[in-house]
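Peer 1: Full structure from sequences and hints, please.
Taking UniProt numbering, the leading residue of the sequence shown gets 1, the next gets one more, and so forth.
Quick caveat, the hints were computed from the structure, so don't treat them as lab data.
It cannot be assumed that every hint is accurate.
Unchecked claim - As a list, the in silico BS3-like pairs of lysine-lysine whose alpha-carbon atoms are at most 30 angstroms apart: (1) K142 - K202; (2) K202 - K58; (3) K58 - K17; (4) K74 - K142; (5) K142 - K58; (6) K202 - K74; (7) K58 - K74.
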Amino acid sequence: MTYQPTAISDDLDSLPKLPAWVTSGRAETLETVAFRSGAALTVLDQLVSGRRHGVPVKLLANRLALTAATATSKLEGRMAREVDIRDAYHLTPPGEARGPDGDLLVLWREAGRIRLTGRDWQAALGGLTGPDPVAEADNSLKAGVARARTHGPLAACVSVMRAVLEVDDRAERIACLLSDIVLARTLGWPSLLPITAQYLTKAMLRDLVAEGQGAELAIQRRLLESVEDTIRVLRDLAVRAAALNEIAPKLRVSWSRNS
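Peer 2: See the structure below:
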């Protein structure tokens, strides 16, 4: 029996990857971060948007949702472990409350399914967060997209975070969620990927609102780390998906013979 392997299995080396100079050394200035992030985001966009690479973006979105839920739980002071959040989501019987940890994962998974290209995406987002945060953030989102054109996408993400937290310093999940929306819209993605919350700390966000020295640079560095890590995760998932696609036809043949 013959079968056509996926495009990615034909040549795994063809997957876009980070240039060595992006990850070498430490970004000391905002200009350096902007330069490196431009290269990193280009690679990420190629992986996410390039259908010929056959990468499992939906699987990536679910994994990132769990990571974002864990990160925002820490930002909100609950310190739930990844395994606790996953169990609260998957093991809660139907009809029973998942609790704050399970609900947080629901938020991130559902947010990743919102089509940002549709007319009603803000209404869909409001259904997850409540109408007030979305209404207040509308101008911040527009300003963030505009800032991305002059200072780069990561600067836009930080700008939106600051705007949200200046209104409510306990709105960490909303700040990170809107930051991901700005990043997605800047890159022209139809839906967001939960990227920006991964390596943030409460102290960083507090310094950002207080306009502490070096706060924006510190956060942009962490956002760059998140982008780089997302690329590595996506490449790993692509390799695993390719291996599964290679063996799937053989498994189907074996199953049909034994059935």
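Peer 1: Evaluate each hint against the coordinates.
Peer 2: Against the structure, the hints:
no. : hint        : result
1   : K142 - K202 : holds (25 angstroms)
2   : K202 - K58  : holds (29 angstroms)
3   : K58 - K17   : holds (20 angstroms)
4   : K74 - K142  : holds (28 angstroms)
5   : K142 - K58  : holds (27 angstroms)
6   : K202 - K74  : holds (8 angstroms)
7   : K58 - K74   : holds (25 angstroms)
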